[in-house]
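Quick note on the working numbering: the sequence shown kicks off at 1240 and runs consecutively.
The reader is advised that the hints may include incorrect statements.
As the list claims (entries may be wrong) - Quick list of simulated restraints, FRET-style, between CB atoms:
| id | residue 1 | residue 2 | range |
| --- | --- | --- | --- |
| 1 | D1319 | T1412 | 36 to 42 Å |
| 2 | A1411 | R1268 | 19 to 25 Å |
| 3 | T1474 | P1347 | 36 to 42 Å |
| 4 | E1369 | A1328 | 33 to 39 Å |
| 5 | R1396 | I1440 | 26 to 32 Å |
| 6 | A1411 | P1299 | 36 to 42 Å |
| 7 | H1437 | K1261 | 34 to 40 Å |
Keep in mind the hints are simulated off the structure, nothing from the lab.
Yeah, the Cβ is synthetic: ideal placement off N, Cα and C, and Gly gets one too.
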Amino acid sequence: MSDARPDIGAEAVLHFWFNESKPRQWFRRCDAFDAEVRHRFGALTEQACAGGLGSWEAEPESALALVLVLDQFSRQIWRDQARAFSGDARALALSQRALKLGWIEAEPVRVRRQFWLMPQLHSECLEVVEASVALFDRYSDPATTAIARRHADLLRRFGRYPHRNLALGRRATPPELELLQPPAAPAETMCCERCQAHGPIHYRVSTALDPQWQLVCPQCWPSLRAQPGYRYGGTRKANRRRRS
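Please work from the sequences and hints to get the whole structure.
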């Protein structure tokens, strides 16, 4: 797994994530970044997901580092495997505890508040994710709040996140298979999947927090371009002539 020492301190975790790494690396799939996290923090993540590092829970700084290990590093180290979600339950408990203790309220840096809340967004419990919408609205930014709303919508529709089915060995239902299919060819007019506006031109985009491709209008597009893991899949014009 890793030749890194399992006794790396919380400060090293925070410095790596918030200072050494770039926002575009946090959520976007990148084999090189995954390998770096695995090499440097693989043993530490194994230890945390096995219930270790209990002393880190005592203070806000080290507890946030533990959340990063459980909720983020696990996803890089075991990408596309069931183990990627093995730290989620403990990370969620830490996030909810931090909220009750006022640690998130006291955190002055927006992006750190966002990662405190990420375990609540990753939960497949609808009640938790619905409650997180208001929390992201208060402590994060509008774009991330919109992503939280979309996560809640997915849970209302399917009761789980269909994109995890393969990793978790779950059989997809027909509606889930339809969701996971590439977008169909555009009709005469298209509807923005964020604001529901209709128009002839939309952009096909996705972000790391919302990996499902979506069609968005020119008005909604700029706010997504700044999101981590932003991907552009082309422009869709409803009146574009088809080649024979």
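Please list, smallest to largest, the hint numbers that this structure does not respect. Result: hints 1 and 4 break, sorted rising.
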